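A.B. asks: All chains, full assembly: derive it from the sequences and hints.
There are 2 protein chains.
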Amino acid sequence: MLVDKKLEEFLDELASSSPAPGGGSVSALLGALSSALTSMVCRLTENKKGYEGVRGEIKKVLEESEMLRKRVTELIDEDTEVFNEVMSAFKMPKEDLGRPKKIQDVMKKATEVPLKTMRECYKALELTRVVADKGNVNSVSDAGVAALTANTGVLAASLNAIINLKFIKDSEFIEKTTQEVTDLTKKSSELNKEIMRIVTQKI
Amino acid sequence: MLVDKKLEEFLDELASSSPAPGGGSVSALLGALSSALTSMVCRLTENKKGYEGVRGEIKKVLEESEMLRKRVTELIDEDTEVFNEVMSAFKMPKEDLGRPKKIQDVMKKATEVPLKTMRECYKALELTRVVADKGNVNSVSDAGVAALTANTGVLAASLNAIINLKFIKDSEFIEKTTQEVTDLTKKSSELNKEIMRIVTQKI
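The listed protein sequences correspond, in order, to chains A and B. Convert by adding 563 to the 1-based position in the first sequence; the result is the number in our numbering. Convert by adding 563 to the 1-based position in the second sequence; the result is the number in our numbering.
Hints in this document: simulated from the structure, not taken from any laboratory. Small disclaimer: the values here were computed from a predicted structure and weren't measured. Just so you know, even glycine gets a beta-carbon here, dropped at the ideal spot from N, CA and C. You can trust all of the hints, since none of them are fake.
Taking beta-carbon pairs under 8 Å as the criterion, some of the chain A residues facing chain B (in silico):
| no. | residue |
| --- | --- |
| 1 | Lys569 |
| 2 | Ser579 |
| 3 | Gly586 |
| 4 | Ser602 |
| 5 | Arg632 |
| 6 | Ile766 |
Derived pair list, reagent style DMTMM-like, types lysine to aspartate or glutamate, alpha-carbon separation capped at 25 Å:
| no. | chain 1 | residue 1 | chain 2 | residue 2 |
| --- | --- | --- | --- | --- |
| 7 | A | Lys750 | B | Glu753 |
| 8 | B | Lys765 | B | Asp696 |
| 9 | A | Lys756 | B | Glu757 |
| 10 | A | Lys568 | A | Glu641 |
| 11 | B | Lys756 | A | Asp746 |
| 12 | A | Lys568 | B | Glu571 |
| 13 | B | Lys622 | B | Glu757 |
| 14 | A | Lys633 | A | Glu620 |
C.D. replies: Written as structure tokens, this is what we have:
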């Protein structure tokens with residue numbers, strides 16, 4: 564598993580001539596970094612004097628961000644695994660009659676993984692809004708970094724979803740996915756701007 | 564060193580109640596992720612048929628991105644170290660006459676680290692422009708993720724530079740730093756938009 568590797572080894576593997584891990588796994592990692600920072604800000608808030616009034620809400624955010632971090636961390640590996648499945652499908656002998664269907668099936672799966680990453684990163688962004696607004700003000704720059712990182716996770720994963728769509732023939736799948744990618748990207752950019760306004764006012 | 568930790572442990576440490584590593588180290592990591600992806604795209608381009616004309620340029624970008632990756636990876640630890648120095652300075656006994664000067668010195672250092680991160684992430688962004696424009700078109704989404712990540716590194720590090728400036732009394736230092744932060748943020752956002760136009764056309 565990629566998360567069992569040392570950070571330096573992960574970076575080396577990313578930089579290597581193997582196409583996986585690549586941008587898809589990095590997108591998921593951005594979500595994991597964002598939710599880890601959100602959890603940190605929660606922990607630096609929950610027992611701090613002056614923040615008694617938000618303790619319950621912050622505790623709930625911490626629970627959610629730790630669950631989210633677990634899910635999005637799994638997507639780091641999932642993206643690399645599905646990429647390897649794609650490569651195997653394309654390497655099937657051309658005369659194999661099952662090849663076209665196998666490619667279609669695996670390309671849909673390879674589109675759904677970055678789509679899941681987009682959804683999780685958007686949820687991570689929603690959590691950063693709470694910590695930017697109500698968390699320990701000394702950590703507001705960390706809340707800001709968490710927001711920027713989650714929003715970038717959404718945008719980065721969208722590139723991976725879109726590039727995979729090119730290989731898919733199912734027009735209903737293409738339409739539905741394109742719509743969701745467009746919606747999530749737009750919502751994410753708007754929410755990120757709103758959070759940046761909160762952060763820059765407090766910084 | 565943080566880069567010697569497993570990715571999962573790094574995320575756990577980030578999420579912990581200790582304020583370091585925090586947003587500053589994440590900003591530097593974004594630069595490292597960007598340059599690693601740039602190196603990958605270079606390696607997937609340099610020996611590919613049809614890319615003979617750009618081989619020399621791509622080789623040069625690879626050399627630069629690998630050197631940059633090394634420098635920016637060091638900043639992941641440097642940011643955490645300087646944060647711990649800041650904490651030590653604030654913990655000095657108030658009656659210690661050297662305390663105010665020590666705080667000023669260490670806060671300047673703590674501002675210069677994210678400033679260095681901003682400069683390196685901006686350089687990383689410049690390299691992604693070349694790979695988005697001339698690299699293997701099959702990896703254009705990776706070049707896009709590299710660009711988004713580098714630009715976010717610039718913005719994220721700017722929050723850390725600005726929050727530290729609040730503690731600094733040297734008005735010349737404040738003015739000079741604010742100017743550089745503003746310039747780099749603006750240049751980076753513009754270049755990122757330009758690269759996204761290249762990427763979305765090719766995707």
